[in-house]
Amino acid sequence: MGTDFLLIMKSEVSLTLIVFFLLFLKIWDGVKSNITLLNIVNIILFFNLLFGLFFNTEGMLFNGMFYTNNTLFLEKSILNLGTFIISLQAFDWLKDHKHLLEFYILLLCTLLGMDFMISSDNFLMFYLGLELSTIPLAALCNYDLQKVRSSESAVKMILSSAFASCILLFGISFLYGTTGTLDFKEMAPLLTANKLQLFAFILTFTGFAFKLSAVPFHLWTADVYEGAPTSVTAYLSVISKSSIVFIFITVLFRLFHNYDATWHNMLYLTILLTIIIGNLFAIRQDNIKRFLAFSSITQVGYILLGISSGTAIGASAAIFFLIVYTFSNLGAFGVVSLVSEKTGKENISDYKGFYTNNKFASWVMAICLFSLAGIPPTAGFFGKMFLVTAGAAQEHYLLISIAVMNMVVSLFYYLRVIKAIFIDENEKPIAKLTGSASLRIALVICITGAITMGFASGLFEYINTLTGK
Amino acid sequence: MNDIGLFHFLFLSCALFFIGIYGFLTRRNLITMLMSVELILNSININFVAFNKFLFPDKLDGLFFTLFIITIAAAEAAVAIAIIINLYRNYNTIDVEEVNSMKY
Amino acid sequence: MNASTIIFYILAATIISGALLAVTSRKIFRSAVFLLFSLIGIAGLYFFIDYEFIAAVQIIVYVGGIIVLIIFSVFLTHGSGEDMKRPTIGRAAFAALAAIFGGVLTMFLISQHTFFPSGKTGIEPSPENIGSQMLSTTEHGYILPFEVVSMLLLAAMIGCIVIAIKIKVPPHKILPETDEDGIEIFDQKQTTLENKQIQL
Amino acid sequence: MLSTSLIVLIPLLPVLSFILIALVGRRYFPSSCGILGTISLSVSFLLAVTVAYDYLFLVAKVGDTYQQIIPLKINWLQFSPNVSIDMGILLDPISVMMIVIVTLISLMVHFYSLGYMKGEERYATYYSFLGLFTFSMLGLVLSSNIFQMYIFWELVGVSSYLLIGFYFDKPSAIAAAKKAFIVTRFADLGFLVGILVLSFYAGTLDFQNLITKLTTPTDQLHSIVTTSFLGCSALTWGLVLVFIGGAGKSAMFPLHIWLPDAMEGPTPVSALIHAATMVVAGVFLVARLFPIYAISCPPALEVVAWVGAASSIIAAIIACTQTDIKRVLAYSTMSQIGYMMFSLGVSSYGGENGLGYMASMFHLFTHAMFKALLFLGAGAVIHYVHSNEMKDMGGLRKLMPITHITFLVACLAISGIPPFSGFFSKEEILHAAYHSNKAIFGIAILTAAITAFYMFRLYFNIFWNKEYHKHNNEHDAHGEGPGTMLIPLIILGMISVFAGFIPFGKLVTSDGKILVTSFDMTFSIVPVLLATLGIIIAWSFYKRESLAPQRLTNSISGFYKSAYNKFYIDEAYLFITKKIIFNLIGRPAAWIDRNIVDAFMNLLATITGNISFLIRKLQSGKLQLYTAYFFVGVISFVLIFIYWWT
Amino acid sequence: MINLSVLLIIPLITALVVLLCSNPIQVRATALTGAIIQLTYSSLILYDFISQRAIGNTAQMLYESHHSWFSSLNIEYYVGVDGISIAMIMLTAVVVLTGILISWNVTKLTKEFFFLILLLSVGAYGFFISLDLFAMFFFLEVAVIPKFLLIGIWGSGKKEYSAMKLALMLMGGSALVLIGLLCLYFNTDTGGGTHTFNLISIAHMHIPIEAQQFIFPLMFVGFGVFTAIFPFHTWAPDGHSSAPTAASMFLAGISMKLGGYGCLRAATYLMPEAAHIYSPWIIGLSTIAIIYGAFATLMQTDLKYINAYSSVSHCGFVLFGIGMLTKTALTGAVMQMVSHGLMTALFFAAIGMIYERTHTRQIAQLGGLLKTIPFIITVFVLAGLCSLGLPGLSGFVAEMTIFMGAWQNPDNFYRIATVLACASIVVTAVYILRAVGSSVMGPIKNEAYRNFGDATWNEKLASITLIICIMAIGIAPFWLNNLVSPDTQLIMENIARSVGK
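Residue numbers (this note's numbering), protein chains in the order written: chain A, 1 to 469; chain B, 1001 to 1104; chain C, 2001 to 2200; chain D, 3001 to 3646; chain E, 4001 to 4501.
Mixed in with the good hints there might be a few duds.
To be verified - Within a straight-line C-alpha distance of at most 27 Å, the following computed BS3-like cross-link-like pairs (lysine-lysine) qualify:
1) A:Lys359 to E:Lys4445
2) E:Lys4108 to A:Lys428
3) A:Lys95 to A:Lys26
4) C:Lys2085 to B:Lys1103
5) A:Lys185 to B:Lys1059
6) A:Lys147 to B:Lys1103
7) B:Lys1053 to A:Lys195
To be verified - Examples of chain C residues lying across from chain B (beta carbon under 10 Å, computed):
8) Leu2020
9) Tyr2062
10) Leu2069
11) Ile2130
12) Thr2137
13) Val2162
Claimed, not checked - Covered by chain D, according to a simulated footprint, are these stretches of chain A (three or more residues, beta-carbon under 8 Å):
14) 73 to 83
15) 196 to 204
16) 219 to 230
17) 261 to 274
Don't read these hints as lab results, they were simulated from the structure. Built from N, CA and C at the ideal position, the CB exists for glycine as well.
With the hints as extra help, turn the sequences into a complete structure.
Have a look at this one:
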C-alpha cells in the first residue's frame, strides 16, 4: 500500500482532507469574513483540480471495492473542474450566506461520493457512492432556507431519489441473489438471459435512468432544478449528471455487456422518448432554470445516443461531450446565477433586451447556448457530432434521423432565449450587472472552453486512447 | 424450518415492497411517504439477508449490504425529515398534493 | 406444518399486516406505530434465520432511531391529531392495481427462476466475524464502505443541522425590496461592490 | 482589302460612343453628345460602305458565286468540343447589305435627331441608347454564329425597350416598352428552343456548319427529319420555333401587337428600329437560315409564307382604320414585312427559283429607305403639330414643302408606283408569289392596293384635306424643322426614288450566284393599276374634307369597328395575360406559396407547440404522480423488454 | 506559395480585430481592409490557379493540405480547391466586400454587425475549400446562425419570425445533410473497417447502390433547402425581405450557393448512380421551383419579395443544371451560382439603397425615382436586366449554358422540362419589367422623393464592383467557363464511369 495507496486514491483522499479542513475551519471559527473563506476555498479547489491532473497511478484497492485508471482520473478531473467553476460562480450567492462552510462540506462530500461511485467495481461501493452523492445534495437543494421553492425542490429530490434507489436496490438484490456476488468483474460472466436477471437488470437500468433524468423517469428534474439555488442546479445538472453518465458507461460496458442487445433496445426507446419529450417541454418554458433543466434532459438523450453505440468511440464521445457540456452549461448557469442573484429575475421574458446593458454576459449566454444547441464553431457542435456519429454506427437510421431532426427543434428554444436577449425590445431592460471577479473568471473559463474545446482534437484523441484500452 | 425456504422470504419481501410502493403512491403526508420508503428498504433488506442465508452463506455480502442500507436509511430519513420540517416552516403544510408550486 | 413454519407465518402476518395498516391508517401516529410493529416483525425474521447481529441492528436503528425520529417529526409538524386526508379513489385504485400487478409479476418471475446456491459452508454471522470483516482491508474487507458511510453520516448530520436549525435572523440575502429603505440599502451595497469589482 | 480591324470598327464605333456618352458624356458634355454619336456613326457608315464595296466588287466573288467570308471568330463560350458560341463576323451579301442599311439609317436618324431631340432633358442618354442599338443591330447582322445572333437579338430587344420607354414618365410609354419587350421575349423563347433543337442535331452553332450539316443529305439529317414529335419532324419544329422568334421581332401576326404601341418612343427611334432595321431582323433571320428552310424543310417555309401573307393583309386592313399617323405607319411596316416574309416563304433555294429570296431582300432594302423616310417625315410633322392624330393635321403642304415632297415620294414608293424603288422590289415579290402560290399572290396583290389606299389616306390627311389652323402660341411661319432634320429627308428621298435601279439580282441571291431577273411589263400592269386605284379612292375620299369615308365606314360598321380595334387581338392577349396568367397561375401560385407550402411549415411548428401544450400535464408538480409515472415506466420497461422486444 | 487556410485566417483575424475596435469608424475601416485583403488574396489564388492549369497542372485539387484532426474518426482538416471552388471563393470575396461597403452606415451595434458578417464569410470560405465532409458540414452550419442574428437584430418587418424560420429551416436542411453524411460515412470503407469523410477518396470508392438511393435524397434535399428547393423554399422570401441589406446580399449571394455547391460536390459527385436515378425527380422539382417561383414573383408587390422569389426561381436553375447531369449543364449550374450570387447581391444592394431613402419597398408607392436618384436606379435596372437574362450580363451566359447543357439530354421529359424552364425567362421579363416599370419610371409619386441624394461613395463603389464582375462574366464568359468546365468534366466522368459500370 503506502504511497501507491495514496496516489491511487488521491482524489478521494484530497477531498476528504479538504472536507476535514473545512470542518476544522468551521469549528475553529477563526475566519469571520465570508469573502476570505470563499477565496481560501476557491484556491483549495483550484489546487485540488491541479492535483487531480498529476501523479495519476492506476490501480485497484480493497479487493475491487475501488479501482482507478486514467479514464477515471480524467473523469474525476472533469468533476473537479466543474465543481471549481461552480464554486467560483457561487461567490456572489455565498458571500452573505450564513452556512458557507457547511455548503462546501456538503458539496465536497457529494463530490467525494461521486468519485467513489465512478471508481467502484462493486455494487456496494456504487450504492454508497450514489447515496453519498445524493443525500447531501438534497440538503443543498434546500439551501435557500427561506425560499418555498427551495424546500419543495429538496423534498421532491430526496423522496423521489429515495424511491428510485429503492427500485435500484431491488434490482441489485436480485442480481446478488442470482449471481452470489456484488463484484462487477465476478458478476459479469454470470449474467445470462434468464428472466429474473433481466428483470433485475431492467430495474437497475431504470434506477440509472432516473438519475440521468431520462424520460419517462425524468419528471423530478425540472421541479428540482427550478427550485434549487442556481449554483446547486448547475451542480445537479452538470456534475451530478456527468458522474452518473460515467458510472453508467462503466456499468453497461463492463457489467452488462452480456445484455447489450437488450440495452441497445432500451436505450433506443429511452433516447427517443428523452429527446422528443425533453424538447417538447423545453419549447414552452419560461423560467430559465426550468428551461435549462429540460434542455439538459434532451442533452442526456444525445449522450445516451453515443453510449448506445456500445463502442469505445461512443464512450469517448460521451466523455468528450460532457467536458463540453460542463463548460457550456455552467457558462449559461453562471449568467443565470448572476441575474437571479442580482435581480431575482429568472424568466426568459425578463431577459428581453439583456444585451443593451450586459454585453459580455449576453455573449457568454449566447455562446454557451449555441454550444448546447450544437452550433459550430462552438465545442457543442463537435460534442454532438461525435455522439451522433458514434450512435450512427449502430445503423439505426430512424433513431439518428429523429435525433438529428430534434436538434432543429432544440435550436428553436435556444434561439428563443437568444432572441429575448439580443433581438427583443424592452423598455426597462435589466440594468448593468456587476458580478464578482471570481464569477467573471468562471465565465471566461466557460466561454474559452465552449469555444476552444471542439478544436482541441488532442483531447478527444486522448480520451479515445483511454477508452479504447 | 426445512420447508420455510428462500421463496417464502422472497414472496414476503416482494409483498412488503409493493405495499410500500402502494403507500408511497397514496399517502398524502410526506412523513408517511417516508415511512413507506422505510418499508421498501426493509423489504430489500429481507431479500439480501435471505439470499445470503439460503444461497451464499460463504460470504457475508448480503448481510453487509443490509447493514449499510440500514445506515443509509437512517441518514436519508434524517435528512428527509429535516427537509420536511423546513418545508413545513415555509409552507405550513406537509401535504404532498399541495407542494406543487412548480409545474408544467 | 411445524413450529418454525408457524413462527414464520406469524412473523409474516405481523409484517404484512403492520405494513398494510401503516400505509392505510388515517392517523399518522397510529401509522407510525404499525410501522414499528412491522419493523419489529422483520427483526424477528432475522432472528428466525439466526442473523442475530442484523436483527439487533434493525431494532436499534429502526426502533430506536428512525421511528423515534419520525414520531418526533410528527409532533413537530403538528399533524398527529387530525385524520390525514384520504387519497382520491382513482389514485388509490391505480396505486393498488399497479402495486398488485407489479407484485404478481415479480413473484411470477421469482417463482420461474431456479436459484443456484453456492453450496459452500457458511461463515457464522457472528458479531466478531462481522466486526473483523468490517474493518478488514483484505479480501471481503469492508473498511472502505465503512469509511464512506461514515462520511455520509457526517454529511447527513451537517445537512440536517443546516436545514433544520431554526433561523432567527432575517434572510441571509438582502433582496431589493419595495420600500424606500430597502432600496437604499441595496443601492449602498451596489456602490460598495462596484468599487471592488470590475464590471461585467 | 477587307481589313478585319476595319470591319470590327463598324459595330464597335457605336458602342464606344455609347460607353463614352453613358459614362462620361452625360455628365460632362451633354450637349455635344449628339455630335459625337453622329460622327462615330458617320465613320461607321463610311466603313460599312467601304466594306460593302470591297466585298461585293473586289474580294468575295469566286467564280460567279459570292463566298461567305469570316474574317474574325473568337471563341466566346465553349460548350463542348464542337458546340461553342463564337463571336465572329460573317460577311455575305445579305449581311453586307444589312450593315449598309443599318449604318445608313442610323446615321440619318442620328443626324435627324440633332434637331428633333434638341433641348430634350435626356438628350445625351438618347444618343447613348442609339449607339447601343446600332451596335446591337450591327452585331446581329454580322453574326457568324446562331447563338451570337441570339445574343444581339436580345440586346436589340433591350435597346428597343429603352428607347420605347425613353419618355419614362409617360405611363403609356412604359407600358408600350414593357409590352414590346415581353412579346418579343416570348417569341425569343421560340427562337431559343429552336436554336437548342437545331444545334443539338447539327452539333454546332456556327451558321456555316449548321447550314452545311442540315442541308447535306446524310443519315443524320435523315434521322432528324424522321424524328417526329407531336406530328412534326424535329427539324420542322426547330425551324418553326426559330421562325417564331423571327416573327416576334418582325411583328408578324399574331405577335405583332407590340409594334403599334412601340410608337410611343421618339419618332426617329421608330424610324430606325421599328421601321427599317430591328423589325426586319426576323426576315433577316429566315434569310440567314434560308438554305435549311428551303432545302430540308419546305413545310416550315410554307408556314413562313402563310404567316407573312396573313400579316400583310391584316395589317393593311387595320392600317386603313387608324387615325394615329405613326400607328398607320406601324401597321404598314408590319404589312410590308409580311411581304418580305411570304416572299421568302414562296421562294426556294438556288437559281431561278430563288427569286423570292432576292425579291425579299430587295424589298427589305427599299422598304428600309422609304419607311425610314416616312417616319422621319411623320416625325417632322409631329414635331410641328405636337400631335399624332390625323384630325389635328391637314393642309400642311404649304407649311412644310420639303417634308411634303419627300413624304409623297415615299408614299409613291411604298405604293409600288413606277419608277420609285418600291415598285421594283414589290414587282419581284409578286412575280415570285405568282409563280409558286396563287393564293398568296392574290393576297399580295390585294394588299398592294390597300397599301396604296391607306398610304395616300395618310398623305392626304396630313398635307391636304382641311386647312391647318395655327395654334395661338405658334411661332414659326413655316413648319419645317431645322436643317439637320431636312437633310436626312432629302437624302432618303433620293434613295427612295433611285434605289429601284440597283441590280439586286447580281448582288444578293439565295445561293450567291447571279440571278437574272426578267422584267415583265405585262405582269406589272395589274398591280400598278390596283395601286393607282387605291390612290384614286384615297384622293376622292380625303383630298378634301368629305363625308364619303364616314358613309363607307357606316356601311361596313361591324368590320370597320373590329378593324379599328385591331381585330381585338390586344384584348385577347390582355385576357390571356391578365385573366389567365395573372389570375389563374400567378395569383394561385402566390397564394399556394403563402397558404399551403409556407403554412405547412408553420403548421409543423404549431403542431409541435400544441403537442407540447397538451402533454404539459405530465409535469403536474405532484410528487406522487411523478413517482407513479416512474413506477409505470418501470413496469412497462419490464414488460416490453422481457416479453416483447427481445 | 498559396495556402488556403489564409482564406479562413484573414476574416477571422479581421473579425477579432473588429471586436477590439472602439468606435464605428475603426470597425468599418478594419472590416473594409480585411475584405480588400481577402479579395486580393482570392484574386491571387485565382491567378495562380489559372497559371497552374495553364502550365499543365492537372491535379484534381490544387493547394491541397491535410491535417489530421480527429484521427479516430478519420476526420481531417483537408482543404483544396478546383475551378468550381475558386469561382465560389471569388464570389464570396466580392459579395463580402460589397456587403461591407453597403452597410457602411449601420449605426446600431456596428461592431457586432461587422463581426457577424465576417463570421458568416468564414463559414462560406471554409465550406468552399473543405474537402472533408465533416469540415464541410462544420462550415455549413457556421454560416447559419450569424444570419439569424443579422436578420433578428438589424432586420425590418416581421424579423423575428423570419429569422427564426430561416434558422430553423436551414438547420433542418443541414440536419438532413447530417443524416445523409453519417449514412455515407458508415458506408465507406478505407480497408480494415474504418470509415472516412474524405471527399476525394469517397468519390473513388463504390458506395453500394442501395445506400446511395437512401443517402442521395437526404443530402440533396438537405443542401437543397439552402438553395430554396421547392417546397422548402419558404424561408427565402421571408428571410430575404426581413434581412438588412448586407444580410440579404449574403443570404442570396452566398448562402444559397452553399446549397448548390453542396448538391454538386457532396451529393452528385459522391453518389453518381443515385444522382442518375433521382435525376428526373430533381428536374421535376427544380422545374417546379423555376416556374412556380417565377409565377409567384409575378404577384409580389414588395421589391425584396420580388427578388427573393425570383431567387427561388433562379436557384431552381442551379439545381436544374445539376440534375441534368451533362457537363455543360453542370458548368452552367456553377456559372449560374456565381452569376446569381453577384446579380442578386447587386439587386439587393440597389433595393437597400432605395429603401434607405424612401423607407418603402412597395412598388406601388415608388415611382419616378429615375429622375431623383439616377445612379441607384441605373444599378437597379441593370440588376433587373441581369436577372432577366440580358446578354452581356452574367445571367444570360449562365442560363444559356444550362439550357444548352439541358438540351443535350435526349429524353422527352428532360426536353419538356427544359422548354418549361426556358419559358420562365419570359415570366422573369414580365415581373422584372413590372417592378422596374412601376417603381422606377413613371411620374414621381411622392414629393419627398425629390430631395434624395444619389448614391454615396461607398454605395457607388459597391455597385460598381458588382457591376464590373457581372459584366466581366457576361462579356467574357470564357474565362469562367474555362475555369469551371474541366472540373465539371471530371464530375461527369465520375458519373459516367459509375453509371456505365
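Here is what the structure says about each hint:
no.: 1; hint: A:Lys359 to E:Lys4445; result: violated (43 Å)
no.: 2; hint: E:Lys4108 to A:Lys428; result: holds (18 Å)
no.: 3; hint: A:Lys95 to A:Lys26; result: holds (15 Å)
no.: 4; hint: C:Lys2085 to B:Lys1103; result: holds (22 Å)
no.: 5; hint: A:Lys185 to B:Lys1059; result: holds (16 Å)
no.: 6; hint: A:Lys147 to B:Lys1103; result: holds (16 Å)
no.: 7; hint: B:Lys1053 to A:Lys195; result: holds (23 Å)
no.: 8; hint: Leu2020; result: holds (6 Å)
no.: 9; hint: Tyr2062; result: holds (7 Å)
no.: 10; hint: Leu2069; result: holds (6 Å)
no.: 11; hint: Ile2130; result: holds (7 Å)
no.: 12; hint: Thr2137; result: violated (14 Å)
no.: 13; hint: Val2162; result: holds (8 Å)
no.: 14; hint: 73 to 83; result: violated (count 0)
no.: 15; hint: 196 to 204; result: holds (count 4)
no.: 16; hint: 219 to 230; result: holds (count 4)
no.: 17; hint: 261 to 274; result: holds (count 5)
In summary, the numbered hints that this structure violates are 1, 12 and 14.
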